[in-house]
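Colleague: Single-letter residue listing:
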Amino acid sequence: MEKKYTPVIGLEVHVELKTKSKMFCQCDANYFGAKPNTHVCPVCMGMPGALPVPNKTAIEWMQRVGKALNCTITANSKFDRKHYSYPDLPKGYQISQYDEPFAVKGKVTVKNPYVKGEAKSFRITRVHMEEDTAKLSHEGSNTLVDFNRSSVPLVEIVTEPDFSSAEDVKMFLEELQVIIRYLGVSDADMEKGSMRLEPNISVMKTGLGTLPPYKVEVKNINSFRFVKEAIEYEVKRQIVLLEKGETPKQETRGYDDVKRITYSQRSKEDAQDYRYFPDPDIPPFAFDEKYRRDIENSLPELPPAKMERFEKELKVKEVDAFILTRDLGTADYFEKACKALKAEKIEPQSVANIIINKRLLTSLKLEDFVSKAKGLLAAKKTDTALLEKNIAEVIKQNPQVVADVKGGKQSAIMFLVGQVMKMMKGQADAKTVIQTLKEKL
Amino acid sequence: MILGKTILELKELLNTKKISREEVFSFFEKRIKKYNPALNAYLTVQDRMGNAAQEGPLSGVPLAIKDNFCTKGVRTTASSNVLNDFIPPYESTVTSKLKRAGYELLGKTNMDAWAHGSSTETSDFGPTKNPWDTARSPGGSSGGTAAAVSAYLAPGGIGSETAGSIRQPAAWSGIVGLKPTYGRVSRYGVIAMGSSFDCPGPMTLSVSDAAYLLGIIAGNDRFDGTSSPSPVGEYMKDMKEKRTFTIGIPADYFEGLEPGTEKRLREAIAVFKKSGHKVKSISLLSPKYSISDYTILQRAEVSSNLARFDGIRYGNPRTQFGSEAKRRIMLGTYTLSYGYYDAFYKKAQKVRTLIINDFKRAFKEVDAIVAPTTPVTALKLGEFEKYPFFGEMMDVMNEPGAMAGIPAINLPVGLDSNNLPVGMQIMGNYFDEGSILNLAYQFEQETELMGVIKRGVSNLK
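Chains A and B are the protein sequences, given in the same order. Residues in the first sequence are numbered consecutively from 1, following this note's numbering. Residues in the second sequence are numbered consecutively from 1, following this note's numbering.
I should point out that these hints are in silico values taken from the structure, not numbers from a laboratory. Check before you lean on any hint, since a few could be wrong.
Unchecked claim - Mimicking DSBU-like on lysine-lysine, the simulated pairs with C-alpha atoms at most 35 angstroms apart in a straight line are:
id : chain 1 : residue 1 : chain 2 : residue 2
1  : B       : K242      : A       : K82
2  : B       : K347      : A       : K290
3  : B       : K72       : A       : K56
4  : A       : K312      : A       : K372
5  : A       : K35       : B       : K99
6  : A       : K290      : B       : K288
7  : A       : K107      : B       : K99
8  : B       : K5        : B       : K346
9  : A       : K228      : A       : K205
10 : A       : K82       : B       : K30
11 : A       : K20       : B       : K242
12 : A       : K105      : B       : K350
13 : A       : K56       : B       : K347
14 : B       : K350      : A       : K56
15 : A       : K135      : B       : K242
16 : A       : K82       : B       : K5
17 : B       : K288      : B       : K99
18 : B       : K242      : A       : K219
19 : A       : K82       : B       : K72
20 : A       : K56       : B       : K263
21 : A       : K18       : B       : K72
22 : A       : K56       : B       : K242
23 : B       : K72       : A       : K78
24 : A       : K35       : A       : K111
25 : B       : K346      : A       : K78
26 : A       : K78       : B       : K242
27 : B       : K350      : A       : K290
As the list claims (entries may be wrong) - Partner residues are not named here, just some residues of chain A that face chain B (Cβ under 8 angstroms, in silico):
id : residue
28 : G49
29 : P54
30 : K91
31 : F277
Unchecked claim - Far from chain A, some chain B residues (derived; all Cβ distances over 10 angstroms):
id : residue
32 : I2
33 : K18
34 : P37
35 : Y90
36 : V190
37 : I191
38 : G215
39 : G219
40 : R222
Idealized CB from N, CA, C, for every residue including glycine.
Can you make the complete structure from the sequences, with help from the hints?
Modeller: Printed below as a string of structure tokens:
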């Protein structure tokens with residue numbers, strides 16, 4: 001049934017920056033675990049007369065995110081007021097960006113060896129800066145407001161509707177998380193709410209070529225675990241409607257992670273008119289060429305480039321290069337370890353194996369890592385007398401297996417090897433064990 | 001000994017120990033008790049000293065502060081029932097600077113609610129009366145400060161202007177009112193009306209006092225992104241160095257004036273000529289264009305700025321907004337709505353640019369522009385109800401300058417046939433408060449016209 005239809009999915013991803021202070025005031029932006037309403041001031045409480053002053057570091061970091069997603073950093077930009085009334089919005093408007101965002105027109109190419117097929121590209125429409133809202137919590141019939149989160153810097157990344165499956169979305173989101181963590185500007189943690197996903201989902205008849213006349217925005221996907229599930233549920237729901245000859249309603253739906261369904265929150269008829277206009281409290285921005293170049297030059301080597309270099313220069317297998325570049329700390333450690341072990345004639349691929357398969361910790365002091373790695377790679381010395389004694393014992397205890405091996409079932413020998421290794425408590429070289437065992441049989 | 005003394009004169013008396021701080025404060029406290037019930041200039045009165053943050057140049061000098069400046073621990077209402085019980089947990093930058101300079105707060109003064117108006121009649125706490133004639137309005141929105149200073153219920157005070165709210169009440173109440181360049185004085189902690197226009201400024205009994213207070217409250221503020229880094233001048237010193245100016249007189253500003261107002265203006269211009277200044281007529285865009293343009297921009301900003309009073313905080317629902325605020329919120333909401341933004345707000349911004357360019361062009365020819373502050377002198381209370389755009393009509397001469405963001409000062413230049421003060425304004429170039437203060441100071445020294453102020457003080461005995 002699904003082949004008859006192709007999902008068309010675009011994303012809005014919010015990422016909270018971990019700057020020291022909030023977006024428009026000097027309150028501590030790190031609210032996680034803090035007592036409610038302790039990181040607040042007249043500005044983030046929206047008090048009468050309070051004025052926002054933009055956090056330059058947050059803007060810079062946001063522009064780095066934009067650049068890392070291959071966007072153009074705009075030379076002229078401004079903040080706008082986006083009006084809507086809600087208890088989590090103390091000013092009655094959110095300071096955001098409307099028609100002149102800080103970054104536009106980017107592209108993210110993801111090459112994930114765990115996903116079959118070619119590398120995939122997804123277009124980024126825009127990246128803009130805004131402020132987070134306060135946090136509401138409901139206790140019985142009361143709603144409590146915690147302004148600690150109010151005005152924490154928030155980056156919004158908007159993509160083109162370039163996704164045709166939940167897997168694509170998940171793959172992109174994982175890549176985005178890795179990139180943002182490389183930049184060190186956010187934890188991009190969905191469970192903690194520092195990365196939030198709002199997909200716009202519609203479904204079209206495969207091959208139709210024109211976008212469907214509606215889209216459904218899904219909110220409240222609060223964990224990586226639910227990304228695929230929520231999208232797949234919504235796609236299926238829409239296909240059922242289309243099959244009945246109906247067009248799904250344009251609306252905003254929430255995801256219920258207990259019932260594992262989406263439910264209607266707000267229909268098109270209630271669509272908001274945000275009455276955007278330039279915020280008169282914040283003068284517009286002009287970024288000269290040097291500033292924009294400096295932003296670009298401040299970027300670290302990003303995961304795709306690093307992965308390619310590991311493959312080409314260090315001759316590491318693609319899948320290992322992918323794994324090693326998922327985290328900047330691991331990648332850097334790997335490179336340092338390679339350098340240190342080069343003198344020992346140990347190849348980067350072997351270092352990769354030690355990290356990935358042998359799980360040698362990259363939190364070790366480098367010299368400890370080096371000595372342990374050498375130990376792991378050195379051929380094990382085998383106590384020949386003990387080995388022969390143990391082999392005799394194993395042969396005696398497993399007559400049936402021995403008979404199988406002799407009868408031509410070669411694979412059964414591995415069982416015997418395992419038994420011997422067990423008795424040797426791992427203190428034997430596997431090759432020697434197999435060799436000796438074969439001789440004895 | 002105290003009655004009628006300017007801030008600088010009081011300072012002198014305090015410095016030479018001829019009077020004590022307590023005497024000064026209790027003088028005003030008693031006077032406020034006696035006259036405020038009739039005038040309604042103050043909404044909240046302080047009954048004791050102790051406001052100063054430290055010793056400073058204003059130690060012992062008490063001032064009246066408009067009720068849209070947040071004052072920590074002192075009720076601040078913007079004359080609206082919505083905030084009738086709001087006690088700010090923080091202090092505005094202007095009053096912080098005054099506190100550090102050692103001033104004493106006499107009280108918070110009445111205004112048009114949210115600064116919407118030009119008569120104080122939109123106040124939810126009743127209008128302020130003009131000390132020159134209590135059947136008349138003192139003007140607005142800073143009418144409470146204007147009346148308090150005019151009646152000497154304070155030796156000086158602070159007002160705020162969006163378009164006319166310092167100059168017009170200063171004109172109607174017969175005192176000096178200085179609207180600085182937009183960005184010269186921080187807006188932090190001033191309950192916003194039109195954010196791209198709002199300017200705090202001094203309202204005083206002399207040009208020197210205005211220059212003195214400006215020197216204290218002006219300057220770049222890290223809490224206000226629109227405040228300017230442009231250096232603050234040495235106004236007191238520069239003011240006294242006699243300079244010769246080229247003064248522009250825009251003909252369109254003299255249309256439709258009351259005869260009494262026009263007569264006093266012509267006399268004042270003759271004084272400038274006599275003092276050796278070059279006076280020439282210039283053409284400026286007619287101020288009438290500013291009314292509709294200003295209305296669109298200001299209403300849009302108002303509708304947005306008042307969105308925070310959503311009934312969730314501050315204890316009062318939006319139904320507590322008065323009719324003027326409701327009208328402004330509705331009009332502003334409409335002009336910002338989807339599909340109307342381009343036709344109204346965006347277009348109005350373009351017209352604003354034309355007005356800015358018009359003044360920039362004029363200031364290439366002249367150093368200062370002189371015009372009437374208001375077309376008429378103080379009107380009777382109740383007049384405003386007859387006109388839906390009353391504020392705009394009374395402020396027609398002030399709106400172009402406010403749109404452009406240039407500085408201007410009102411000087412009282414005599415009385416009309418009803419014995420009411422007539423106001424003249426001197427407009428200056430961006431961040432050139434120094435020039436208009438210099439010219440105003442010369443005018444004050446050379447004429448008796450400003451004797452109006454001294455007469456005003458003795459209106460109430």
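Colleague: All the hints need checking, so say for each whether the structure fits it.
Modeller: Each hint tested on the structure:
| no. | hint | verdict |
| --- | --- | --- |
| 1 | K242/B to K82/A | 51 angstroms, violated |
| 2 | K347/B to K290/A | 33 angstroms, holds |
| 3 | K72/B to K56/A | 29 angstroms, holds |
| 4 | K312/A to K372/A | 27 angstroms, holds |
| 5 | K35/A to K99/B | 33 angstroms, holds |
| 6 | K290/A to K288/B | 45 angstroms, violated |
| 7 | K107/A to K99/B | 54 angstroms, violated |
| 8 | K5/B to K346/B | 48 angstroms, violated |
| 9 | K228/A to K205/A | 21 angstroms, holds |
| 10 | K82/A to K30/B | 49 angstroms, violated |
| 11 | K20/A to K242/B | 52 angstroms, violated |
| 12 | K105/A to K350/B | 29 angstroms, holds |
| 13 | K56/A to K347/B | 31 angstroms, holds |
| 14 | K350/B to K56/A | 29 angstroms, holds |
| 15 | K135/A to K242/B | 60 angstroms, violated |
| 16 | K82/A to K5/B | 50 angstroms, violated |
| 17 | K288/B to K99/B | 40 angstroms, violated |
| 18 | K242/B to K219/A | 69 angstroms, violated |
| 19 | K82/A to K72/B | 30 angstroms, holds |
| 20 | K56/A to K263/B | 54 angstroms, violated |
| 21 | K18/A to K72/B | 31 angstroms, holds |
| 22 | K56/A to K242/B | 44 angstroms, violated |
| 23 | K72/B to K78/A | 32 angstroms, holds |
| 24 | K35/A to K111/A | 42 angstroms, violated |
| 25 | K346/B to K78/A | 15 angstroms, holds |
| 26 | K78/A to K242/B | 44 angstroms, violated |
| 27 | K350/B to K290/A | 30 angstroms, holds |
| 28 | G49 | 4 angstroms, holds |
| 29 | P54 | 7 angstroms, holds |
| 30 | K91 | 5 angstroms, holds |
| 31 | F277 | 6 angstroms, holds |
| 32 | I2 | 33 angstroms, holds |
| 33 | K18 | 38 angstroms, holds |
| 34 | P37 | 28 angstroms, holds |
| 35 | Y90 | 5 angstroms, violated |
| 36 | V190 | 5 angstroms, violated |
| 37 | I191 | 4 angstroms, violated |
| 38 | G215 | 23 angstroms, holds |
| 39 | G219 | 15 angstroms, holds |
| 40 | R222 | 7 angstroms, violated |
In summary, the structure is inconsistent with hints 1, 6, 7, 8, 10, 11, 15, 16, 17, 18, 20, 22, 24, 26, 35, 36, 37, 40 from the numbered list given earlier, while agreeing with the others.
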